[in-house]
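> Numbering (numbering that gives the first Met the number 0), first residue to last: 0 to 224.
Read the hints as simulated data drawn from the structure, not as lab findings. Incorrect hints may have been included.
Ranges between beta-carbon positions, derived for each pair [to be verified]:
hint	residue 1	residue 2	range
1	I211	F101	29 to 35 Å
2	M1	P73	28 to 34 Å
3	L95	T3	46 to 52 Å
4	K169	A20	24 to 30 Å
5	A102	L58	29 to 35 Å
6	W38	G82	42 to 48 Å
Model, not experiment: these values are computed from the prediction. Built from N, CA and C at the ideal position, the CB exists for glycine as well.
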Amino acid sequence: MMKTTRIWDLPTRIFHWLLAAAVIGLVISGKVGGNAMTWHIRLGYVVFALLVFRVIWGLVGGHWSRFTSFFPTPARLGRYLRGKALAQDTAGHTPLGALSVFAMLLVLGAQVGTGLISDDEIAFSGPLTALVSGDTVNLATGYHKDWGQLLVIALIVLHIVAVLIYWVAKKNNLIKPMLGGDKTLAAEVVATRDSAKTRWLALVVLLAAIAIVYTVVGLASPALN
0 MMKTTRIWDL PTRIFHWLLA AAVIGLVISG KVGGNAMTWH IRLGYVVFAL
50 LVFRVIWGLV GGHWSRFTSF FPTPARLGRY LRGKALAQDT AGHTPLGALS
100 VFAMLLVLGA QVGTGLISDD EIAFSGPLTA LVSGDTVNLA TGYHKDWGQL
150 LVIALIVLHI VAVLIYWVAK KNNLIKPMLG GDKTLAAEVV ATRDSAKTRW
200 LALVVLLAAI AIVYTVVGLA SPALN
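Given these sequences and hints, build the entire structure.
What follows is the structure in structure tokens.
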């Protein structure tokens with residue numbers, strides 16, 4: 000008997016779509032350059048705050064949003080690749096999907112980190128360039144503009160292709176649950192916590208993430224005096 004279960008809490012869903020919009024905006028503004036770099040910087044701060052939020056939310060959020068619920072352990076990966084996955088292995092992110100999630104977090108984290116200390120000597124200078132050596136700035140700038148940007152675009156394309164494959168070939172719509180929060184599953188699994196209390200907690204976590212970003216960006220201020 001199929002059962003509809005809340006898998007994705009509202010904060011996770013909002014995070015997902017905000018991150019997608021911000022990253023697309025970052026790629027476009029980075030390609031356009033010039034005056035668009037003002038938005039590139041702003042969106043970089045947005046992505047920074049969202050990543051900090053997701054890391055914290057991965058520890059205290061709803062059940063299926065927590066890293067422990069979908070971390071791709073060898074056992075989970077093995078069961079999934081052999082076609083013997085348990086319901087709890089795929090109710091949230093599948094093991095392969097989890098690898099994609101962690102790859103995206105790491106690549107975006109590297110992109111944000113290098114962006115903070117990048118300087119193209121034309122229209123963009125990261126807020127923390129004064130804290131590191133010129134060689135470090137050059138290395139960060141090179142990575143941020145070349146390999147880092149390519150990795151982000153590659154992961155975006157891979158993510159879209161994977162969603163389409165699941166939708167067309169496996170008849171599994173991954174977009175709908177990330178919009179409404181619910182999945183219809185053959186086996187019973189734990190429903191995620193998605194109450195008013197959860198959402199207030201998410202707001203507190205978001206404010207903490209914004210405060211962390213503000214503090215990190217402000218680290219260069221003393222060095223500039």
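> Each of the hints needs a verdict: does it hold here or not?
Verification of the supplied hints:
| no. | hint | verdict |
| --- | --- | --- |
| 1 | I211 <-> F101: 29 to 35 Å | violated (20 Å) |
| 2 | M1 <-> P73: 28 to 34 Å | holds (30 Å) |
| 3 | L95 <-> T3: 46 to 52 Å | violated (24 Å) |
| 4 | K169 <-> A20: 24 to 30 Å | holds (26 Å) |
| 5 | A102 <-> L58: 29 to 35 Å | violated (19 Å) |
| 6 | W38 <-> G82: 42 to 48 Å | holds (45 Å) |
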